[in-house]
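Colleague: Start from chain A and add chains B and C according to the hints.
Chains as they are written, first to last, in the numbering used here: chain A, 1158 to 1417; chain B, 12 to 239; chain C, 44 to 288.
In short, the hints are calculated from the structure, not lab data. Values in this document were obtained by computation on a predicted structure and should not be read as measured data. Ideal Cβ placement from N, Cα and C applies to all residues, glycine included. Treat the hints with caution; some may be incorrect.
Stated by the list, open to error - Cross-link-like lysine-lysine pairs, in silico, DSSO-like; alpha carbons within 27 Å at most:
(1) A:Lys1248 - A:Lys1386
(2) A:Lys1192 - C:Lys72
(3) A:Lys1192 - A:Lys1415
(4) C:Lys164 - A:Lys1248
(5) A:Lys1386 - B:Lys155
(6) A:Lys1248 - A:Lys1383
(7) A:Lys1415 - C:Lys72
(8) C:Lys164 - C:Lys64
(9) A:Lys1248 - C:Lys219
(10) B:Lys155 - B:Lys113
(11) A:Lys1248 - A:Lys1192
(12) C:Lys219 - C:Lys145
(13) C:Lys219 - C:Lys72
(14) C:Lys64 - C:Lys263
(15) C:Lys219 - C:Lys51
(16) A:Lys1248 - B:Lys155
(17) B:Lys182 - B:Lys155
(18) A:Lys1192 - C:Lys277
(19) C:Lys164 - C:Lys145
(20) C:Lys64 - C:Lys51
(21) A:Lys1248 - C:Lys108
(22) C:Lys108 - C:Lys164
(23) C:Lys72 - C:Lys145
(24) C:Lys108 - C:Lys145
Stated by the list, open to error - Reference excerpt, derived from the structure (chain B facing chain A, CB under 8 Å, subset only):
(25) Asp96
(26) Leu130
(27) Ile158
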Amino acid sequence: MVELVPSLLRQELAALAANDERIDGRGRWDSRDIKLETNCLYNAEGSAKVTWGDTIIYAGVKFEIRTPWPDRPAQGSLMCGAELRPVAGRKYEPGPPSPQSIELGRVVDRGIRESGCIDMDSLCIIPGEKVLGVMIDIHVLSDKGNIFDACALGAIAALRTAIVPAERFDIGEDYPLAVSMTPTMCSFTRVGGRFVLDANDEEELGGDERIHITLGDEGHLHSLQKGLKGTFTPAEFDEILGIAQQRCAELANLVNSKEA
Amino acid sequence: MSGAKEGAELRLVTPGEAIGASSGVRAGTGTLIMGDNIIATKVGWVKENNGVTSVDPIHSAYMPRSGDLVIGIVESVRNNLWFADVNGPFNGLLPMSLAPWKVEFGAARQHMDIGDIMLARVQEVDEAHNIVLTMKGVGLRRLKEGIMSEISMNHISRLRGDADSTLRELKEVSDCRIIVGENGRVWVDGDSDGIAFMRTVIDLVRNEGHMATFSASLGALIEDRRNA
Amino acid sequence: MGGYGDVKLLRDDGLRLDGRKVDEMREVKVEAGILPAADGSAWVKHGLNVAVCAVYGPMEAHPRKIQRQDRAVIDVRYNMAPFSTSDRIRPGYNRRSREISKVTAEALESVVLVERYPRSKIRVEIEILAAEAGTRCVGITAAAVALADAGIPMRDLIVGVASGKIEDTVVLDLDKAEDNYGQADLPMGILPTTGEIAFLQMDGDLSVEEYNTCMEYNLKAAREIHELMVDALKRRYNEKNGGEA
Chain A
1158 MVELVPSLLR
1168 QELAALAAND
1178 ERIDGRGRWD
1188 SRDIKLETNC
1198 LYNAEGSAKV
1208 TWGDTIIYAG
1218 VKFEIRTPWP
1228 DRPAQGSLMC
1238 GAELRPVAGR
1248 KYEPGPPSPQ
1258 SIELGRVVDR
1268 GIRESGCIDM
1278 DSLCIIPGEK
1288 VLGVMIDIHV
1298 LSDKGNIFDA
1308 CALGAIAALR
1318 TAIVPAERFD
1328 IGEDYPLAVS
1338 MTPTMCSFTR
1348 VGGRFVLDAN
1358 DEEELGGDER
1368 IHITLGDEGH
1378 LHSLQKGLKG
1388 TFTPAEFDEI
1398 LGIAQQRCAE
1408 LANLVNSKEA
Chain B
12 MSGAKEGAEL
22 RLVTPGEAIG
32 ASSGVRAGTG
42 TLIMGDNIIA
52 TKVGWVKENN
62 GVTSVDPIHS
72 AYMPRSGDLV
82 IGIVESVRNN
92 LWFADVNGPF
102 NGLLPMSLAP
112 WKVEFGAARQ
122 HMDIGDIMLA
132 RVQEVDEAHN
142 IVLTMKGVGL
152 RRLKEGIMSE
162 ISMNHISRLR
172 GDADSTLREL
182 KEVSDCRIIV
192 GENGRVWVDG
202 DSDGIAFMRT
212 VIDLVRNEGH
222 MATFSASLGA
232 LIEDRRNA
Chain C
44 MGGYGDVKLL
54 RDDGLRLDGR
64 KVDEMREVKV
74 EAGILPAADG
84 SAWVKHGLNV
94 AVCAVYGPME
104 AHPRKIQRQD
114 RAVIDVRYNM
124 APFSTSDRIR
134 PGYNRRSREI
144 SKVTAEALES
154 VVLVERYPRS
164 KIRVEIEILA
174 AEAGTRCVGI
184 TAAAVALADA
194 GIPMRDLIVG
204 VASGKIEDTV
214 VLDLDKAEDN
224 YGQADLPMGI
234 LPTTGEIAFL
244 QMDGDLSVEE
254 YNTCMEYNLK
264 AAREIHELMV
274 DALKRRYNEK
284 NGGEA
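Excised from the complex, chain A in its bound form (with noise of 0.2 Å):
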C-alpha cells in the first residue's frame, strides 16, 4: 500500500526545519529513547528485542551444521534477514518478500559480515565437512519510523549474547559465540530539507531521502546504503558522518553494557 502523503505535513515540516525544530520537539541530533533486552527469546540461542520509541523489533540468533561452500572449503557462514511482515503496519502488506524488507535485511547484513566481528574461520567444525552456519533473523513487529538502526542493534546485540548449541550438534560442550567487535548503525533522512537523526514515522512519511552509516569499533565505515529519491553533498555526508561517529559509539557501549 503506498502511504498518501498529506501536503500540509511537508509544509509542516519545512516550516520546523526553517526554525531548527523537530516535530516531536526533539533537537536535529537526538534520538528516541532506546530500551534494549537480551535474551528475551526462549527458543533462539541469543535474542534481543529493541523498544526505539515507538519502533519494536525483536532479533533471534539460530545455528545450522552445514558443508561448506566448495571454494571456502574451512569457513562458516553468516545470514541476516528481515522480515517487514504486516503485523508491522498499516501500509506493509502479506506476499513475498518486499523490496524494502530485503534492503534492510541486506543493509544489516553488511554492516555486521564487513566489520568482520564473526571469524568465518572460527565457525569450521571439519574442513570441507562441516561448518556452522549463523542466522539473524530480524522481526519488525511496530514500525514508527528507524527501523534500520533499531534492526542493526538487534542484531548485533542478539549475536553478541548467542550461545552456540554444540551439545545438540554433537560437537562439544554449548559456548559463546566470539564476537570481536560491535558494529551499530546510525540513519539520517532529509526533513524539511536537511537532515536529521532517527526520524520518526511522520518525519519519514514526509521526509526524503535517508543515509543509513554502519560504523565498527575503530569508528571505520562498514556499510552505507543511500535510499530513496533525493541527493545529498559531500558537506552533508562530512557532517551527518561527524555525529555518526558519536552516537554509533554510544549505541556500541549500550550493547556491551548487556553482556553477560
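Modeller: Frame of chain A, contents of chains B and C only:
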C-alpha cells in the same frame, strides 16, 4: 460522552460481559441483547441515559454518518471527482457538482491534488457504506495552511469539552484557528508558537485522553500557557 | 501426535514431568496494547509460548473479489517467526500456517459482529515469537484481546485452550514433550461467557469419556484465562502501563 469517565459510577466492561437485565431497558451503542441480559460488545465505560444502556468505548473506528464535518486527504483524482481518505474504512467521494468551484471536466486536479487536505461534510452514506462528500456550505474549503493531526475517535469530546468549552479556551490561549473533525482529524493554524502549544495539547489527548487525570493535566497546560 | 510408549511423561507421584497436576495449566500472562503502530494489539505468554497479535481496521477490503456485501472479512495471518522453534523455520507461508489461519479466522468471525462493517476487512496478524506446544491456542487468545483493544465489536471474547492424553491419562494444556509423545491433543476456542465453542481441532486417540474430561478441563481453563484477558484490557485503560512484549 465526555463526563462518563469522571462520574460517580465508573464501570469498565469488556466484550461479552453482562451489564444487567435486558427487561425495561434499550440496548444502545456498544451493547447487545443476549437472552435476558444486555452485554457489552466493546471495552468501555457503562452509561445509562433515559432507559438506554450503552458502552462508551475506549477505542473505536470512525464510521461516517451523514452531516459529519470531516477533514479528508485527497487520495486520487478523476476527471470529474475526487476520492478522499476520511479516516474511515472507505474512501469518501466528492463529485464535481458538490465542489465549491466551477470545475471544467478534466481540470479537477488544478483545484485539489493528491495529498491536499479538505474540510468537507458527509452528504450521504448508503447501506453499502458508499460515502458522498460535499464542500458546498459555509466554511467548507481546501485547507492550504496549518497542520493536521489525528486523535482517537473517543478523545474528540475531550478536546471539545462540554458544549465546546475546552475548544473555545484552547483557541483563545493558543490564538489559533482549530477545527476538530468528527473523523478524529484536527486542523490547527496560527503562529508557530501557538501551533507548538497545540501540538503539546494533542499529544496529551493522545496519551492521556482516557485517564481520569486528563482534565487536570490539560488545565495545568493551559494555566502555564496563560502565565507564560 | 508423535507416538507413545517408550517416553515417560507422568511421574510416580502422579504429577507431570514439569510438576503440574493433570488438570493444571501452565502459567499465563496477558498484556493489551503493546504495539504502538497497530489499531489494537496484545501479547500473551502461555508457558514458554509467546504470541503477539496486531489488529488493523476495519479497512476497505482489497482486492475487490474478497469483499462481502453484507459483512466484514476477517483476514488472519498466523505466522511462526524463524527463531520461534528449536530448528529454524524458513520464513514464509506453509500448509500448516495456512490451515491454522483459516480456521482461526472462522472462529473469530463467530464472535466479531462482522455484519456491522459490510465490504470491509479486519486484519489480524498473529506472530509466534516462541513456540512450546499449543501456539494456535495462544494465538487465538492474543487475537481476541487485540480485537477488543482495537474497539472491534464482539459478542464475547474467545479463549484458546487445549487438553490431551498422555500415558492413557487426560491432562490439561500439553507442553512440548507431552505434545510430541502424547496420545491425543484437543485444542479449542471457547467463548468464556456462554461456553460455546468456535474453534475445534483434534488429533490422536480419545474415548468418549476421555473427550468429556478434556472438554471439562478446557472449559475450566478458558474461564481462568478469560479473567486474565479481562484484567489485561482493564489494566490498559485504568492506567497507562508499558506492558512487556
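Colleague: With the threshold set at 27 Å, check whether the alpha-carbon distance from Lys108 (chain C) to Lys164 (chain C) stays at or below it.
Modeller: holds, 12 Å
Colleague: Has the given pair, Lys72 (chain C) with Lys145 (chain C), been kept, meaning a C-alpha gap of at most 27 Å?
Modeller: Within the cut-off at roughly 26 Å; holds.
Colleague: Can we keep the Leu130 (chain B) interface hint, with Cβ of chain A closer than 8 Å?
Modeller: violated, 12 Å
Colleague: Would you check the hint for Lys219 (chain C) and Lys51 (chain C), treating anything up to 27 Å between C-alpha atoms as holding?
Modeller: The given pair, whose Cα atoms are some 13 Å apart, holds under the 27 Å limit.
Colleague: Going by Cβ atoms only, is Asp96 (chain B) closer than 8 Å to chain A?
Modeller: holds, 6 Å
Colleague: Verify the proposed pairing of Lys155 (chain B) with Lys113 (chain B), using a straight-line Cα cut of 27 Å.
Modeller: holds, 19 Å
Colleague: Does Lys145 (chain C) lie within 27 Å of Lys108 (chain C) when you go C-alpha to C-alpha?
Modeller: This hinted pair holds, its Cα atoms lying about 17 Å apart.
Colleague: Please work out if Lys1248 (chain A) and Lys108 (chain C) have their alpha carbons no farther apart than 27 Å.
Modeller: holds, 20 Å
Colleague: Given the hint that Lys1415 (chain A) pairs with Lys72 (chain C), does the C-alpha gap stay at or below 27 Å?
Modeller: holds, 25 Å
Colleague: Given the hinted pair Lys64 (chain C) and Lys51 (chain C), is their alpha-carbon gap at most 27 Å?
Modeller: Holds, at about 15 Å.
Colleague: Please work out if Lys1192 (chain A) and Lys277 (chain C) have their alpha carbons no farther apart than 27 Å.
Modeller: With a Cα-Cα distance of about 25 Å, the restraint between Lys1192 (chain A) and Lys277 (chain C) holds, given a limit of 27 Å.
Colleague: When you check the alpha-carbon spacing of Lys219 (chain C) and Lys145 (chain C), does it fall within 27 Å?
Modeller: With a Cα-Cα distance of about 24 Å, the restraint between Lys219 (chain C) and Lys145 (chain C) holds, given a limit of 27 Å.
Violated hints for the displayed structure, listed by number in ascending order: 8, 9, 26.
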